[in-house]
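K.L.:
Residues per chain, in single letters:
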Amino acid sequence: MKRGISYTAAFMTLLQRDLRIAIRHRGDIFNPLLFFILVVTLFPLGIGPEPQVLTRVAPGIIWVAALLASMLSLERLFKADYNDGSLEQMLLSPQPLSILVLSKVLAHWILTGVPLILVAPLLAVLLHLESNSYGALMSTLALGTPVLSLLGAIGVALTVGLRKGGVLLSLLILPLYIPVLIFATSAIDAAGLNLNYDGQLAILAAMLVGSLILAPFAIGASLRVSTN
Amino acid sequence: MWKWLHTFADPERAYKLSGTLLPWFTIFAILLIGTGSIWGLLFAPTDYQQGESYRIIFIHVPAASMSMSAYIAMAVASFIGLVWQIKSADWAAAAIAPIGAVITFIALLTGAAWGKPMWGAWWVWDARLTSELVLLFLYLGIISLYASFEDKVLAARAAGILAIVGVINIPIIKYSVDWWSSLHQPATIKIMEKSSMSTDMLYPLLINIFGFGVMIGAITLVRYRAEILARNGMRPWVRDLATAEEAK
Amino acid sequence: MTISNQSKVLLRANELTCIREERILFDELSFNINAGDIVQVEGPNGAGKTSLLRIIAGLSRPYAGEVEYLAEDINRCRDEFNHDLLYLGHLAGVKSELTAEENLNFNLRISGYDDFDTTAILAKVNLTGFEEALAGHLSAGQHRRTALARLQHSNCKIWILDEPFTAIDKKGVEELEQLFIQHAKSGGCVILTTHQDMSIISDDMLQKVTLDYRFI
Numbered sequence: 170m171k172r173g174i175s176y177t178a179a180f181m182t183l184l185q186r187d188l189r190i191a192i193r194h195r196g197d198i199f200n201p202l203l204f205f206i207l208v209v210t211l212f213p214l215g216i217g218p219e220p221q222v223l224t225r226v227a228p229g230i231i232w233v234a235a236l237l238a239s240m241l242s243l244e245r246l247f248k249a250d251y252n253d254g255s256l257e258q259m260l261l262s263p264q265p266l267s268i269l270v271l272s273k274v275l276a277h278w279i280l281t282g283v284p285l286i287l288v289a290p291l292l293a294v295l296l297h298l299e300s301n302s303y304g305a306l307m308s309t310l311a312l313g314t315p316v317l318s319l320l321g322a323i324g325v326a327l328t329v330g331l332r333k334g335g336v337l338l339s340l341l342i343l344p345l346y347i348p349v350l351i352f353a354t355s356a357i358d359a360a361g362l363n364l365n366y367d368g369q370l371a372i373l374a375a376m377l378v379g380s381l382i383l384a385p386f387a388i389g390a391s392l393r394v395s396t397n
Numbered sequence: 059m060w061k062w063l064h065t066f067a068d069p070e071r072a073y074k075l076s077g078t079l080l081p082w083f084t085i086f087a088i089l090l091i092g093t094g095s096i097w098g099l100l101f102a103p104t105d106y107q108q109g110e111s112y113r114i115i116f117i118h119v120p121a122a123s124m125s126m127s128a129y130i131a132m133a134v135a136s137f138i139g140l141v142w143q144i145k146s147a148d149w150a151a152a153a154i155a156p157i158g159a160v161i162t163f164i165a166l167l168t169g170a171a172w173g174k175p176m177w178g179a180w181w182v183w184d185a186r187l188t189s190e191l192v193l194l195f196l197y198l199g200i201i202s203l204y205a206s207f208e209d210k211v212l213a214a215r216a217a218g219i220l221a222i223v224g225v226i227n228i229p230i231i232k233y234s235v236d237w238w239s240s241l242h243q244p245a246t247i248k249i250m251e252k253s254s255m256s257t258d259m260l261y262p263l264l265i266n267i268f269g270f271g272v273m274i275g276a277i278t279l280v281r282y283r284a285e286i287l288a289r290n291g292m293r294p295w296v297r298d299l300a301t302a303e304e305a306k
Numbered sequence: 530m531t532i533s534n535q536s537k538v539l540l541r542a543n544e545l546t547c548i549r550e551e552r553i554l555f556d557e558l559s560f561n562i563n564a565g566d567i568v569q570v571e572g573p574n575g576a577g578k579t580s581l582l583r584i585i586a587g588l589s590r591p592y593a594g595e596v597e598y599l600a601e602d603i604n605r606c607r608d609e610f611n612h613d614l615l616y617l618g619h620l621a622g623v624k625s626e627l628t629a630e631e632n633l634n635f636n637l638r639i640s641g642y643d644d645f646d647t648t649a650i651l652a653k654v655n656l657t658g659f660e661e662a663l664a665g666h667l668s669a670g671q672h673r674r675t676a677l678a679r680l681q682h683s684n685c686k687i688w689i690l691d692e693p694f695t696a697i698d699k700k701g702v703e704e705l706e707q708l709f710i711q712h713a714k715s716g717g718c719v720i721l722t723t724h725q726d727m728s729i730i731s732d733d734m735l736q737k738v739t740l741d742y743r744f745i
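Residue numbers (my numbering), protein chains in the order written: chain A, 170 to 397; chain B, 59 to 306; chain C, 530 to 745.
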């Protein structure tokens with residue numbers, strides 16, 4: 170039998186599989202999205218609906234909600250595969266683990282990050298976000314949500330085998346999210362004041378590239394520990 | 059090149075070596091911290107700006123800097139354990155974690171204690187304290203992860219990976235927090251004006267910094283020995299030790 | 530240990546020690562597996578059979594000792610080893626949201642095969658008519674057979690199978706035994722654990738590794 174599959178083909182095969190599974194399990198897509206919307210909605214109820222106050226805190230609220238929604242959605246990244254033995258098969262695959270891991274994280278981002286990015290402008294309207302800030306909002310989310318997926322995947326990979334992994338996950342991941350949060354909100358704030366925010370975007374882009382290169386190794390190593 | 063590392067891979071050897079080093083570390087720690095603290099808290103000159111309340115830095119700064127060093131030491135031990143597959147390095151990392159966490163907590167507490175007389179608030183979100191807080195969370199993450207795995211060999215590997223990920227992120231987090239702090243507090247409140255420190259203040263500070271480091275080393279050795287015994291409970295040399303203790 | 534007729538050593542276990550939950554399951558266990566061997570790991574429940582299989586497959590790391598594939602530590606030649614290994618554990622590796630055909634298609638494609646007929650293969654494991662059924666709706670036996678279908682189209686030399694006969698009927702077990710014999714004859718090896726008696730593969734065709742339950 171002929172044997173051999175290119176890295177790209179392996180990547181796409183796994184990506185297709187994960188997307189197909191998610192489409193049949195649509196709750197996995199909508200639940201984090203609803204969570205995102207709900208969390209944002211809670212803030213005006215909590216701090217009052219004054220437009221000036223909301224405008225000031227809008228970038229922070231949207232981004233914190235995005236962090237939390239991302240974390241919530243990450244729990245399903247490896248859990249199902251762990252439970253039915255597919256994760257083991259992935260680890261024993263002749264394909265490089267990093268490629269397979271990236272494929273799964275990309276699938277996850279397409280299913281949870283992209284809807285987040287698309288819904289964010291609507292939520293920004295609810296929070297009276299400064300009109301100049303919309304561009305920054307979208308670009309920071311576009312650059313930042315993949316980083317959240319990649320870094321979060323490390324935490325998920327470490328806890329997938331644990332019984333009460335979910336609670337621990339937030340402790341592991343949220344400190345790593347802080348730099349993304351700081352630079353993203355700063356960019357949006359700067360945009361609101363009509364200041365240049367290229368620097369912040371550059372740093373976010375650098376984080377994205379850095380995590381694209383380094384995270385797969387950490388995720389792979391963590392998966393090996395979890396399935397030991 | 060790193061052959062000498064492998065000689066300490068043997069748990070029994072590591073245990074004996076730690077036992078030999080422990081009394082020295084303890085003595086030095088007591089001497090250094092004793093000297094530094096008494097000098098700093100009682101004899102160093104009064105700061106013309108802050109009065110007597112500044113003296114807390116003789117505890118706060120050593121704690122803060124050593125909390126960072128302990129994390130780096132932990133990450134290095136984890137790295138060695140990962141790359142060279144030396145289990146005793148993993149145990150060393152597991153031993154450091156709770157100590158580092160406590161030191162970080164002390165740094166936060168003393169930082170807050172300083173803040174009260176300085177700015178009238180128990181907590182300020184300045185760069186250093188915020189970074190310390192994030193460091194505490196990183197430590198707590200490692201401790202919790204280690205505790206969650208029943209198999210301690212796996213626990214140490216998992217915690218090791220997290221420690222390495224953490225140590226790579228620490229400079230990034232520090233940089234972003236510093237930057238964030240400069241954005242939101244234009245009149246930057248500097249907790250420590252190192253440049254304007256007279257030698258009378260600097261020396262006790264340095265002595266205490268060293269002292270804290272040695273103290274962390276001493277407590278680590280105690281926990282390390284305990285960790286070795288716990289992980290090797292089924293080995294004959296541990297049983298011999300236990301029966302020898304009972305015979306006494 | 531019986532000496533096999535073919536001398537090519539595929540796998541070597543070197544002083545494997547496994548400790549789980551502070552119990553030593555096996556200590557300094559060594560054995561060779563040659564091409565053409567069918568190896569059964571046996572022992573009472575909890576003796577460490579699954580742990581041993583996972584260590585040989587490279588999923589778990591032993592407390593001490595190495596596994597060698599073609600005389601090289603598997604940790605150093607993971608790519609080649611994984612290429613030549615087919616492992617089926619307790620968990621089938623079958624996604625319940627995909628159909629039997631989609632599962633098989635994925636498993637084979639990700640292993641590198643691109644020239645196969647899923648309908649024919651599923652027919653060989655008696656799943657004709659169930660190709661479009663979601664794996665989650667299949668019976669336990671059909672679920673397992675979806676996983677076992679991979680064996681029908683594999684050129685991996687090393688098959689490591691943990692309880693492959695679970696939920697399979699007598700006829701299915703016999704068919705699998707024939708498959709194993711065929712695989713061993715063509716130069717591969719099969720390492721398995723099972724509680725069920727095998728009718729076609731007799732004891733003299735087997736190499737046995739026995740783990741006994743040890744107390745410290």
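Derived by calculation from the structure, the hints in this document are not laboratory data.
Wrong hints could be hidden among the right ones.
[Said to hold, decoys possible] Okay, derived cross-link-like pairs now, DSS-like style, lysine-lysine, Cα gap no bigger than 30 Å in a straight line:
| no. | chain 1 | residue 1 | chain 2 | residue 2 |
| --- | --- | --- | --- | --- |
| 1 | A | Lys-333 | B | Lys-145 |
| 2 | C | Lys-686 | C | Lys-700 |
| 3 | B | Lys-145 | B | Lys-210 |
| 4 | C | Lys-714 | C | Lys-700 |
| 5 | B | Lys-174 | A | Lys-248 |
| 6 | B | Lys-210 | A | Lys-333 |
| 7 | A | Lys-248 | A | Lys-333 |
| 8 | C | Lys-737 | C | Lys-714 |
| 9 | C | Lys-537 | C | Lys-737 |
| 10 | A | Lys-248 | B | Lys-74 |
| 11 | C | Lys-714 | C | Lys-653 |
[Stated by the list, open to error] Here are a few chain C residues that sit away from chain B, every Cβ distance over 10 Å (derived from the structure):
| no. | residue |
| --- | --- |
| 12 | Val-538 |
| 13 | Asn-543 |
| 14 | Glu-571 |
| 15 | Asn-684 |
| 16 | Cys-685 |
| 17 | Gly-701 |
| 18 | Gln-736 |
[What the hints assert, rightly or not] Now the stretches of chain C that chain A is said to cover, found in silico as 3 or more residues with beta-carbon under 8 Å:
| no. | segment |
| --- | --- |
| 19 | 593-600 |
| 20 | 710-717 |
C-beta atoms are modelled at their ideal positions from N, C-alpha and C, and glycine is treated no differently.
K.L.:
Sort out which numbered hints this structure fails and list those numbers smallest first.
P.N.:
5, 10, 19, 20
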